[in-house]
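Student: So you can see what is in the structure, the chains are spelled out below.
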Amino acid sequence: MQKKFDIYKLIDLFIPILAVLAALAVGAVILLFQDANPLEAYSAMFSGAFTNKNGMADTLVKAIPLLLVALGVAIAFRGGVINIGAEGQLIMGALLTTWLGLQLGDTLPGWLVIIIGMLGGAMMGGLWAAVPGLLKAYLGVNEILSTIMMNQIAIQIAFFLLRGPMIDPAELEAGTNIPQSARLARSADLPRFTDMAKALGFTKTAEELGLTGFTAELYGLFVEPTRLHSGLIIAIVLAILVYVLLWRTTIGFRIRTVGENKAASRYAGINVKRYIVLSITLGGVFAGLAGAIEILGLHHRMFEPTAVSAGYGFSGIVVALFGFLNPLGIIPSAILFGGLLVGGDKMQRAMQIPQVLITVILGLVVLFVVSADIWVKRRATRRVSVEEPASPADPDPPPSNIPPAEAAT
Amino acid sequence: MTNDANLLPSGLPRIESMQMRDIVKRFPGVLANDHVNFDVNAGEIHALLGENGAGKSTLMKVLYGLYQPEEGEILLNGQVANIHSPTDAIEQGIGMIHQHFMLVDNLTVAQNVALGLKSSKGKGFVLDLDVVTARIRDLADKYGLYVDPEAIINRLSVGERQRVEIIKALYRGAALLILDEPTAVLTPQEVDEIFKIFRNMAAEGHALIFISHKLDEIFALTDRVTVLRDGRVVGDVLTADVTKNELANMMVGREVLMERHRVPMPVGEVRLKLEDVNAVNDREQPILRHISFAVRSGEILGVAGVSGNGQRALAEAIAGLQPVSEGRVEMDGRDVTNLSPSQMFEAGLSYIPEERMHDGVIKNFNVAENLVLQDHQFPPYSKGIFLNFGTIDSHADEMIREFDIKTPSKDTAVKNLSGGNIQKLILARELDRQPRFLIAAQPTRGVDIGATEYIHAQLLKQRSEGLATLLISEDLDEVMAMSDRIMVLFGGEIMGIVDSDQVTVQQLGLMMAGEKAEDVFAQKDLAAAGDT
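Protein sequences appear in the order of chains A and B. Just so you know, we're using numbering that gives the first Met the number 0 here: the first sequence kicks off at 0 and counts up by one. Just so you know, we're using numbering that gives the first Met the number 0 here: the second sequence kicks off at 0 and counts up by one.
Calculated directly from the structure, the hints in this document are not laboratory data. Don't take every hint at face value.
[Unchecked claim] For lysine-lysine, the following BS3-like pairs were computed, each having C-alpha atoms within a straight-line distance of at most 25 Å:
no.	chain 1	residue 1	chain 2	residue 2
1	B	K515	B	K213
2	B	K515	A	K272
3	A	K261	B	K362
4	B	K195	B	K243
5	B	K382	B	K405
6	A	K261	A	K272
7	A	K261	B	K414
8	B	K460	B	K272
9	B	K515	B	K243
[Claimed, not checked] A short, non-exhaustive set of chain A residues, derived as facing chain B with CB atoms under 10 Å:
no.	residue
10	P224
11	T225
12	L244
13	W246
14	T249
15	F252
16	R255
17	T256
18	A263
19	I269
20	N270
If you're wondering where the values come from, they're calculated on a predicted model, not measured in any experiment. All residues carry an ideal CB built from backbone N, CA and C; glycine is no exception.
Work out the full structure: start from the sequences and follow the hints.
Tutor: Structural data, given as structure tokens:
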């Protein structure tokens, strides 16, 4: 079979980029209403997120939880389950990781505590997601509602634990009573890129090597002390594994089959209920792991739950959709949105523009991406019917007297 | 007040006469109504009879404004009526009771009646339910339609819900009522009751159109019958002037077009056996009653019947998709009652489902993926948890060649294939598994002639190789041409299992309308009637 070059595929690839540009354009109008120069604002945003080592490090640090959450959302979506509960799953994962870390202290080698903490966090997230999964599969409870409610429960459990059993003893001593845990043992910190670079023998700074400009910043990002930690590597490896899971394994095949058509899955002998529970549970595993990595790699302690989750549970949905629910597409998508979050922060500081504008732009991006996607699909159907008409010997009259429009529903 | 005699009990004017003249309605590839004439007068119950796909529903949707005909006109009281939407139809006094209820389950009767009503408001936007309730009571009184306006729909029985639908239509001023298979979901007692109401309504001056394919009901209720077949009117007669046989003849009595290319086969061992199988739907109503039969190797058992008489439930009960509440299913002598679908596939069942686009394929998956929908988890298509794309792809190429599936490539999404080719794909998938037993439900519905012949040839080839097949079809010609024996289902019950060489289409038609085989064969005049 000869493959011919398809110009439309190229156009489709640009659709997400066009969607971002369109969202930025609408954002520019809002900026004008704020009496701000959009060009100035956007350049502050871009340079803040993508031009210097600390900005890039922050972008990637935010991309880590976004990527992990989005992977989970994508698995659930592919399985036909809409998981709005990543926020709660992330918080529960972070809580258990913190608790395990505090319990183990430095009684075990650091790397073992890290592994136990990550497995615990992932498991907790999975359990938190399994509840709405079971409710949906066996009682028909709408997962959108139940996952949102599970978010609230997670937040309140976190506050309860952080004000009581898990509170930092130092807070009680000082009488400040801020709801946060003690810091985990330093041995249980996920290695930062700078630590790893040192271990590999990169000890010189960019300046010492005589690097300048963007090369220096890029070198600095990976070698000099920044917040960038090895969670990034874990997340990217997992993205590739999720791709393999969904498109190369029998389990992924069945998850996608159930997500596409539950009736046909039943007819094909697939246990639909089991796969509904499985796909959202896997989604929760990734959100829980995001929580674990936030604790081990970045915060090293648990504090106000909504500050730890920082809305990643919701932004992750946007990231997943923007990456077309494809794990490999989600990697750049997570980095882009990490950059938008960091850049929005920088823009706020440079121009006194409220950061919520970034939230508006995120929403607009989703709107444009989803509508562009629908448009692309419609056009694709039209294209097929124009280019590949069913051969005259092969007409397909609608069954009995149902008109095509009705038969299609 | 004008002359009282011209008003209905609901206080609205009668439709003295309705005529549909030369109605033509086309769908791509199908002439659904071919110059159909149909009329009904006040005080009359006029039956519209025909097989599935004969064009009954299309004709009524034209009358109700859901479809616009390409040709023809509708006259109300002798005047040309413009009916472009159901709203137009309702304003001119036409109401329709759908086969499936259009009620909101968690609202009350009164709220349901008020839904979408223009004149239900009291002041401004405020809905005055008291007015609605009072009017419902008034209508219920006048027509003997007893329902509590304050009852919530999901607490009502099916029969009561039907009465709500009728009240809804009357409330909107219906003088002419289209009843689309109104008894399909009712119990015999509820049917008796609703018939009384219908007769009463006709006596009061309503015009009623009764759509059905149940001969008993037509004789019990109607004054006149129009029979549709393949979109054309084949008869318009007074019910009192015809016999059941004549009607069955009109409904299905066409030439058997297909030749019987079946060669007699020595049948082998019993592959599938059902013993007194019963099943209920989710509302605990029986959908299969005391089903017992056996299918042997090298045999095709045809299942005839009007759709909705248990065919689908039967197929699903065998396939493990519908729980069997009583009785026993055996495959190759082994008890397989209520095994899961995947266990049934492993036991050697293949199933071509009726709704192929919905149940048979994943539209967004490509041809290769759809060809391994059940078997992807077994070697050679996978190793451990990993799919083996090498064999999946070569298998797809092989199937495309062997079963002549017309597709640009194996990577084409199935939604872009024609219906005939999707059916060939499903056939390829189900036959390549070398099943012990095959259920083929409506295997050629909506498929062009070429593909139909191909599918038939494949089924016969498999039969000659010893496959046992259950062929469920609404196409009587197909059932007669393909089957060794024919089983007729009616109301979830077996009306009889007959040798396909010793039964006429007319006899099958009677059985499909609810006559037991013993009764049908007892009628001596049948053969004579069948020959005319």
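Student: Now tell me if each hint is right for this structure.
Tutor: Verification of the hints:
1. Proposed proximity of K515 (chain B) and K213 (chain B) is supported: the alpha carbons are some 14 Å apart, at most 25 Å.
2. Annotation: proposed proximity of K515 (chain B) to K272 (chain A) is violated, straight-line Cα distance about 41 Å (limit 25 Å).
3. Restraint check for K261 (chain A) and K362 (chain B): the C-alpha separation of about 12 Å stays at or below 25 Å, so the hint holds.
4. The straight-line distance between the Cα atoms of K195 (chain B) and K243 (chain B) is roughly 22 Å, inside the 25 Å bound, and the hint therefore holds.
5. Using a Cα cut-off of 25 Å, the hinted pair K382 (chain B) and K405 (chain B) is violated, with the two alpha carbons roughly 30 Å apart.
6. Straight-line distance between C-alpha atoms of K261 (chain A) and K272 (chain A) comes to about 9 Å, which keeps the hinted pair within the 25 Å bound.
7. A distance of roughly 16 Å separates the Cα atoms of K261 (chain A) and K414 (chain B); the hinted pair therefore holds under the 25 Å criterion.
8. Annotation: proposed proximity of K460 (chain B) to K272 (chain B) holds, straight-line Cα distance about 23 Å (limit 25 Å).
9. Of the supplied pair hints, the one linking K515 (chain B) and K243 (chain B) holds, its CA atoms being roughly 14 Å apart against a limit of 25 Å.
10. Because the smallest distance between the Cβ of P224 (chain A) and any Cβ of chain B comes to about 42 Å, over 10 Å, the interface hint for this residue is violated.
11. Of the supplied interface hints, the one on T225 (chain A) is violated, with its beta-carbon coming no nearer than about 38 Å to a beta-carbon of chain B, more than 10 Å.
12. Interface hint at L244 (chain A): satisfied, since its Cβ lies 9 Å from the closest Cβ of chain B, which is below the 10 Å cut-off.
13. Among the interface hints, the one on W246 (chain A) holds; its C-beta lies about 8 Å from the nearest C-beta in chain B, closer than the 10 Å criterion.
14. With 10 Å as the threshold, the beta carbon of T249 (chain A) comes within range of chain B, its nearest partner Cβ sitting at about 5 Å, so the hint holds.
15. Below 10 Å, beta-carbon pairs count as interface contacts, and F252 (chain A) has one with chain B at about 5 Å; its hint therefore holds.
16. At its closest, the beta carbon of R255 (chain A) sits 8 Å from a beta carbon of chain B; the interface hint therefore holds under the 10 Å criterion.
17. Interface hint at T256 (chain A): satisfied, since its Cβ lies 6 Å from the closest Cβ of chain B, which is below the 10 Å cut-off.
18. Annotation: interface hint on A263 (chain A) holds; nearest CB of chain B at approximately 5 Å, less than 10 Å.
19. Taking 10 Å as the C-beta contact cut-off toward chain B, the hint placing I269 (chain A) at the interface holds, the least distance being around 7 Å.
20. Interface restraint check: N270 (chain A) against chain B, minimum CB-CB distance 7 Å, threshold 10 Å, status holds.
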